[in-house]
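6 protein chains.
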Amino acid sequence: MATFGLIEYQDASPEVRAVYDDIMTTRKTDWINNFWKALAHDPAALKRTWEDIKQIMAPGALDALTKELIYVAVSVSNQCSYCIASHTAAAQKKGMSEEMFKELMSVVGMANETNRLVAGYQVEIDKQFQSTQP
Amino acid sequence: MATFGLIEYQDASPEVRAVYDDIMTTRKTDWINNFWKALAHDPAALKRTWEDIKQIMAPGALDALTKELIYVAVSVSNQCSYCIASHTAAAQKKGMSEEMFKELMSVVGMANETNRLVAGYQVEIDKQFQSTQP
Amino acid sequence: MATFGLIEYQDASPEVRAVYDDIMTTRKTDWINNFWKALAHDPAALKRTWEDIKQIMAPGALDALTKELIYVAVSVSNQCSYCIASHTAAAQKKGMSEEMFKELMSVVGMANETNRLVAGYQVEIDKQFQSTQP
Amino acid sequence: MATFGLIEYQDASPEVRAVYDDIMTTRKTDWINNFWKALAHDPAALKRTWEDIKQIMAPGALDALTKELIYVAVSVSNQCSYCIASHTAAAQKKGMSEEMFKELMSVVGMANETNRLVAGYQVEIDKQFQSTQP
Amino acid sequence: MATFGLIEYQDASPEVRAVYDDIMTTRKTDWINNFWKALAHDPAALKRTWEDIKQIMAPGALDALTKELIYVAVSVSNQCSYCIASHTAAAQKKGMSEEMFKELMSVVGMANETNRLVAGYQVEIDKQFQSTQP
Amino acid sequence: MATFGLIEYQDASPEVRAVYDDIMTTRKTDWINNFWKALAHDPAALKRTWEDIKQIMAPGALDALTKELIYVAVSVSNQCSYCIASHTAAAQKKGMSEEMFKELMSVVGMANETNRLVAGYQVEIDKQFQSTQP
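Residue numbers (numbering that gives the first Met the number 0), protein chains in the order written: chain A, 0 to 133; chain B, 0 to 133; chain C, 0 to 133; chain D, 0 to 133; chain E, 0 to 133; chain F, 0 to 133.
A couple of the hints might just be wrong.
Note: identical chains are not told apart, hence a pair may lie in one copy or across any two.
Claimed, not checked - In silico lysine-lysine, DSS-like type, Cα no more than 30 Å apart, as pairs: (1) K53 - K126; (2) K126 - K92; (3) K46 - K93; (4) K46 - K126; (5) K93 - K126; (6) K46 - K27; (7) K53 - K93; (8) K126 - K27; (9) K27 - K93; (10) K92 - K27.
Keep in mind that the hints were calculated from the coordinates and are not lab data.
These figures come from a predicted structure and were not determined experimentally.
Work out the full structure, taking the sequences as your base and the hints as a guide.
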């Protein structure tokens, strides 16, 4: 169970409700997932985190689905079960097909493998990769 | 320096050269980066890793650039300096703009942050996220 | 379930009981938590780990609560559910308020975020930070 | 070298300069460290990250030094060299003694060790730790 | 529950069955564990991963048990519950005694501790360790 | 450079020298590597860490080389450059052949890959793996 429990909409303060409302409006849903209800015990953190995510996850040079795929990739690398479940669901909602998910997993697995091969073999950065930096 | 040093093309066995050739052909480049030269001390691992990467990174339901972005995201989460340098360069070559890179970093940073907020607040998985699973 | 199960006080060897007794005396509690009961299958590791923790967690230049907060911070970064639950409880017992916990989480989240931004942007260490080292 | 290089004050846009000025004023320093100069290529991320850090690291229920210690603890767990160097320097500036640093390291080391013992022995969360949660 | 559920033998396509059969033959068992059943939704990944594991885990310069111990060590460091459970079982089947497991855990714990002490104290690599590299 | 610099033998206090002497005697070497010289600023931590390592790394149910391989495996997973360099050298000294190292790397890479596939596919632990636990 969440450390301080979950704050439901009907029990929330006006400032927490304002964030909940914005989450539901932005995401076009009628419910709030547990992460926000757990974080709502700290209204400043709730507001800051939501506004950051809203800004960061909005489509830009990368579309919303690509951003969700990246979120899943990080969450899988970090072994965060909640985040894997929630962002896999979010990615599906934004159009991730089963095929996309499977390719995503293969890339994440491979990257985690070669990250260690590189470290283990103590490979030095090629000057060509340094020179791509201005 | 790499644990066993780097195997240059002119010093490579035929089986290693065959992999090097395929890497250069596939990537349309005329050089081999240090990772492969370090791994070439183990020709079986070189061949297996290259063939896996070639299969996994080929465009499919996800395009080649999206796959590189995911590779960078994982490498950044794992603090693998070599992999960050090499896959950032690879992503740039496949069309990653500066704007895309910056958005990528913001998503990776955010995901790493919320992964820990979720863990710290001990948030349970919503039944709605479980039910997206068949 | 723990790999080898849990060793309860009544089933414990004298050397394990001696550690259990010292844990309860030091912590002013009348029970032993599962970590120690699982580790008790290896009495040498039990004794070594407990004596290390007893020495390290004792108040010194840092007070006992600050040390618990640091323990929670590490456990959250590592996604260790058991450790988050047990050390959050320990911190509460040592005086961590809800407000302290919330600020702790915000710092841990932020640090995990900027750790990756630094890696992703490949930032070099400023000479000023090197010079703080004698 | 940083991926896009570093943006010095004299080359910065007015919005970047405004953040740099606020950093120097808040921290009572006359220079900007490389992290911000690297991030300044993304003025929105620069502003967001700085404002978050400013809010989160301000003294509250936890004092500023304790927050820096936690920042160091996370950075050490994540093997972020830059962050370890910069936040160790920041902690020293805020009053961290050599003794405090050494105790900090011992706790961080211990936590990383027991996090793995818990995982390896597959220890279940005690019901007492669950019941500390409302 | 696994993201796409588990594919049982009777529901599997011929190509998936061929991998399942090879797993059971190679491992001299009459059942397939969940990892493969979950991965079977991506037959190409199933085949590639199994063939890689089969090649990598076969006895060579390192015997099969040593390889399993290493697998457990990595899984514990990464906090992967499933992998800890499955590879601990596999190691037991290959001859890991309780004493071996306990020593393994002590080494894994210690390595995780000193990895952070090294990072935290910002220790530079001795020239002697560089010179062991050709 | 190490945070507080390195303490050379000639500058060390008697208690630090006693540990240095024991390290050199135990390891049959005539020099001390930087890790210990950096940690020597905290004589209690130096002594505790050395005695733990000496106890843990001594041959038992697992031989000394196997323990070093495990140490390398963890250090590679954690991206600890110093630890990879020092424990690779230590393993070589204890008899690790080039072939062993290469197999070790393959296992470490594979384990890091499948750890993430398991997490990403949200695979549940088979009851058979739970039942191997008494």
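Evaluated hints:
In this homomeric assembly, K53 and K126 come within 30 Å of each other (Cα to Cα) only across copies, at 23 Å, whereas the closest approach inside a single copy is 38 Å. Taking the closest pair of Cα atoms, K126 and K92 come within 30 Å of each other only across two copies (16 Å); inside a single copy the shortest separation is 42 Å, beyond that limit. In this assembly of identical chains, K46 and K93 lie within 30 Å of each other by CA distance both inside one copy and across copies; the values are 24 Å within and 28 Å between. Taking CA atoms no more than 30 Å apart as the test, K46 paired with K126 passes between copies only; the shortest distance there is 24 Å, against 44 Å inside one copy.
In the homo-oligomer, the alpha carbons of K93 and K126 lie at most 30 Å apart only across protomers (19 Å), although the nearest pairing inside one protomer, at 39 Å, exceeds that limit. In this homomeric assembly, K46 and K27 come within 30 Å of each other (Cα to Cα) both inside a single copy, at 18 Å, and across copies, at 28 Å. Taking the shortest Cα distances, K53 and K93 sit within 30 Å of each other both inside one copy (15 Å) and across copies (28 Å). Taking the closest pair of Cα atoms, K126 and K27 come within 30 Å of each other only across two copies (19 Å); inside a single copy the shortest separation is 48 Å, beyond that limit.
For the homomeric pair K27 and K93, the shortest alpha-carbon distance inside one copy (12 Å) is at most 30 Å, but the shortest distance between copies (34 Å) is not. For the homomeric pair K92 and K27, the shortest alpha-carbon distance inside one copy (11 Å) is at most 30 Å, but the shortest distance between copies (37 Å) is not.
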